[in-house]
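**Q** The lines below spell out each chain.
Number of protein chains: 2
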Amino acid sequence: MNEVLTDDRVWIGFDLGGTKMNAMLFDSAFGVRSRRRKKSRGSEGVESGIERIVASIAKLLEESQAPREMLGGIGVGCPGPLDLEEGVILEAPNLGWKNVPLKKALEKEFGCPVFVCNDVDAGVYGEYRFGAAEGARTALGVFPGTGIGGAMIYEGKIFRGKTGSCLEIGHVPVVPEGALCGCGRRGCLETIASRLALSAEIAKAAYRGQAPYILRVAGTDLANIRSGTIKEAIDAGDKIVEEILREGAQQLGNVLAGAVNLLAPDVIVLGGGLVEALPKLFLEEVGKAVAKQVMPSYLKTYELKIAKLGDDAGAMGAAAWAKHSAEA
Amino acid sequence: MNEVLTDDRVWIGFDLGGTKMNAMLFDSAFGVRSRRRKKSRGSEGVESGIERIVASIAKLLEESQAPREMLGGIGVGCPGPLDLEEGVILEAPNLGWKNVPLKKALEKEFGCPVFVCNDVDAGVYGEYRFGAAEGARTALGVFPGTGIGGAMIYEGKIFRGKTGSCLEIGHVPVVPEGALCGCGRRGCLETIASRLALSAEIAKAAYRGQAPYILRVAGTDLANIRSGTIKEAIDAGDKIVEEILREGAQQLGNVLAGAVNLLAPDVIVLGGGLVEALPKLFLEEVGKAVAKQVMPSYLKTYELKIAKLGDDAGAMGAAAWAKHSAEA
Numbered sequence: 077m078n079e080v081l082t083d084d085r086v087w088i089g090f091d092l093g094g095t096k097m098n099a100m101l102f103d104s105a106f107g108v109r110s111r112r113r114k115k116s117r118g119s120e121g122v123e124s125g126i127e128r129i130v131a132s133i134a135k136l137l138e139e140s141q142a143p144r145e146m147l148g149g150i151g152v153g154c155p156g157p158l159d160l161e162e163g164v165i166l167e168a169p170n171l172g173w174k175n176v177p178l179k180k181a182l183e184k185e186f187g188c189p190v191f192v193c194n195d196v197d198a199g200v201y202g203e204y205r206f207g208a209a210e211g212a213r214t215a216l217g218v219f220p221g222t223g224i225g226g227a228m229i230y231e232g233k234i235f236r237g238k239t240g241s242c243l244e245i246g247h248v249p250v251v252p253e254g255a256l257c258g259c260g261r262r263g264c265l266e267t268i269a270s271r272l273a274l275s276a277e278i279a280k281a282a283y284r285g286q287a288p289y290i291l292r293v294a295g296t297d298l299a300n301i302r303s304g305t306i307k308e309a310i311d312a313g314d315k316i317v318e319e320i321l322r323e324g325a326q327q328l329g330n331v332l333a334g335a336v337n338l339l340a341p342d343v344i345v346l347g348g349g350l351v352e353a354l355p356k357l358f359l360e361e362v363g364k365a366v367a368k369q370v371m372p373s374y375l376k377t378y379e380l381k382i383a384k385l386g387d388d389a390g391a392m393g394a395a396a397w398a399k400h401s402a403e404a
Numbered sequence: 077m078n079e080v081l082t083d084d085r086v087w088i089g090f091d092l093g094g095t096k097m098n099a100m101l102f103d104s105a106f107g108v109r110s111r112r113r114k115k116s117r118g119s120e121g122v123e124s125g126i127e128r129i130v131a132s133i134a135k136l137l138e139e140s141q142a143p144r145e146m147l148g149g150i151g152v153g154c155p156g157p158l159d160l161e162e163g164v165i166l167e168a169p170n171l172g173w174k175n176v177p178l179k180k181a182l183e184k185e186f187g188c189p190v191f192v193c194n195d196v197d198a199g200v201y202g203e204y205r206f207g208a209a210e211g212a213r214t215a216l217g218v219f220p221g222t223g224i225g226g227a228m229i230y231e232g233k234i235f236r237g238k239t240g241s242c243l244e245i246g247h248v249p250v251v252p253e254g255a256l257c258g259c260g261r262r263g264c265l266e267t268i269a270s271r272l273a274l275s276a277e278i279a280k281a282a283y284r285g286q287a288p289y290i291l292r293v294a295g296t297d298l299a300n301i302r303s304g305t306i307k308e309a310i311d312a313g314d315k316i317v318e319e320i321l322r323e324g325a326q327q328l329g330n331v332l333a334g335a336v337n338l339l340a341p342d343v344i345v346l347g348g349g350l351v352e353a354l355p356k357l358f359l360e361e362v363g364k365a366v367a368k369q370v371m372p373s374y375l376k377t378y379e380l381k382i383a384k385l386g387d388d389a390g391a392m393g394a395a396a397w398a399k400h401s402a403e404a
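In order, the protein sequence lines correspond to chains A and B.
Residue numbers for the first sequence follow our numbering, so the first one is 77 and each next one is one higher.
Residue numbers for the second sequence follow our numbering, so the first one is 77 and each next one is one higher.
Same shape as in the complex, but just chain A (with noise of 0.2 angstroms):
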């Protein structure tokens, strides 16, 4: 008999977001038994955190009728920067967090093993493993939201640098003495590309004029300029947007062709919210930018995809590399 039809044992994925957390269960064949969404309250501080956790995967059991000792184990896909090994979220500006000791705190309530992993990795993991990297060699993901996320699958393991972060494809250095970045240097292309610096640019524009639907529905305030807000600013006849949209893929594209004369990966996934909103756009100009620079012999040797897993993919990932880690 097959072991996986023989394994009954179920996994928890749970993706700890700034704002929301997405847990989910499933059986070992990944069939997703039960779900939760709630939102994160990070401000209500790190021990009322820890219980809403538990309190999320307490239920997930309870719903999918999975005694405890069913329990193979959790992945918590996590914020950064974090300590993998002792599964210690170090700081997580976006909670408020520093220096929480979730795998420690999991696995006493739990008794299964925990594994830590950063939201990234997670999301690009579950590309890989149920989406549009589907066993690819190399997956190269890369994700524009408040900065731009990456991560790499590498023959079927999430890529690791010394302090286990990398990938950090937001972060290279695009124009000299640029803008500020969030990391402290300047001119990363985040500076130029995450969503937050086209809002910016998007707001700066309403605010002269040249976006009327924007200046309508979100006025210049850039925290209201969300994905949605941009598509439906396009949709409408907002040029400039479009503009500043294609600007910002075609740098996107410009940093991942040097990316892809680095790793050579055989698939590339766009994916976050901008993406899923655009995704004609950013396949068209990140593709364009990506062609024209790469080595010409690796023209044919890679496939640019947009992400298929939505909201789920950190936390199918994360459930999916516990399992992956567990059994290793």
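Note that these hints are calculated values from the structure, not bench results.
Hints are not guaranteed to be accurate.
Intra- or inter-copy, both count: the list cannot distinguish identical chains.
Here are the simulated BS3-like cross-link-like pairs (lysine-lysine), alpha carbons at most 30 angstroms apart as the crow flies [claimed, not checked]: (1) K238 x K180; (2) K368 x K238; (3) K233 x K381; (4) K238 x K356; (5) K238 x K381; (6) K376 x K180; (7) K174 x K376; (8) K174 x K368; (9) K364 x K238; (10) K233 x K376.
The structure displayed is predicted, hence computed values, not measured ones.
With chain A fixed as given, assemble chain B onto it according to the hints.
**A** Then chain B, alone, in the frame of chain A:
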């Protein structure tokens, strides 16, 4: 008893360069038992080339009195592009060779496993096993020469892209609409920071009368402006030569900063004739440029080092890779 002590097989590493061949025979603990250097003479044709390689290897075995049945394997580092699986040199412009089935020819002749790998991969693997990057988890090697070669050893193995080749750091796009590169694109790092590019800048300076030492000993022919000449010119007080070199090293450092943000290596090795002629200058300028632009959290996570094995890195790495692969 220890396996290494009782294993009396020998291993051959062959570095097939555009102008020189370097062949070395090692015992199983990688002590050198015999070595030979020859001109490659690619222009004399493929058959004569393979004969010269076979004769070199036969001579090494003879000199070290190792019978053929003691030969554990042969590793050959070759200029690319290659078919790694089949061990075929697809094209080696410097040798004027195309579609050379080197693995098949050598396996037939010597009856042992033969592993063909990229020459830069072999050199960086050599530094990882026996030189400046010994034992690194992630070792990134960069060798500026006619082009700028790169390779990475990750968790004990040569990192490989879709078609085998990767880490083409010399072809990261740097100057939009810049100078034409050997690869067919424009503005690649090689066009401003390879030894060839720097020699061309130096030749221009000599022509303008700004580099009197160069003008005297090398004239304005960039083919005469080799690594040694460049070092001598700096020592002799050709200020502009030093400036050109420092700027080139900086440009290399800028691109390396981006690569460090992607790969988070623990060791970066700089090598090749030019770097080895001016190690202090390269450590300083590359070091400064990388430190200025990597993510602040990566600042203490990497060491920048100069290669230790010189011209032997390729042959040593190729032999060690052959042993690693044969025993995998």
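**Q** Could you figure out if K174 and K376 sit no more than 30 angstroms apart (CA to CA) within one copy, between two copies, both or neither?
**A** between (45 angstroms within a copy, 21 angstroms between copies)
**Q** Measure nothing new, just compare the shortest in-copy and cross-copy C-alpha distances for K368 and K238 to 30 angstroms and report within, between, both or neither.
**A** between (32 angstroms within a copy, 19 angstroms between copies)
**Q** Treating 30 angstroms as the Cα threshold, decide for K238 and K356: within, between, both or neither.
**A** between (36 angstroms within a copy, 25 angstroms between copies)
**Q** Tell me, please, which holds for K376 and K180 at an alpha-carbon limit of 30 angstroms: within, between, both or neither?
**A** between (46 angstroms within a copy, 27 angstroms between copies)
**Q** Check K174 against K368 for me: Cα-Cα at most 30 angstroms, and say if that holds within a copy, between copies, both or neither.
**A** Classified as between; 27 angstroms across copies, 43 angstroms inside a copy.
**Q** When Cα atoms must be at most 30 angstroms apart, do K238 and K381 count as within-copy, between-copy, both, or neither?
**A** both (29 angstroms within a copy, 16 angstroms between copies)
**Q** For K233 vs K376, is the C-alpha pair at or below 30 angstroms within one copy, between two copies, both, or neither?
**A** both (24 angstroms within a copy, 25 angstroms between copies)
**Q** Which holds for K364 with K238 at a C-alpha limit of 30 angstroms: within a copy, between copies, both or neither?
**A** between (33 angstroms within a copy, 20 angstroms between copies)
**Q** Between K233 and K381, at a C-alpha cutoff of 30 angstroms, which is it: within one copy, between copies, both, or neither?
**A** Result: close both inside a copy and across copies, 20 angstroms intra and 28 angstroms inter.
**Q** As a check of your reading, is K238 near K180 (CA-CA no more than 30 angstroms) within one copy, between copies, both or neither?
**A** within (23 angstroms within a copy, 39 angstroms between copies)
Consistency note: the structure conflicts with none of the earlier hints.
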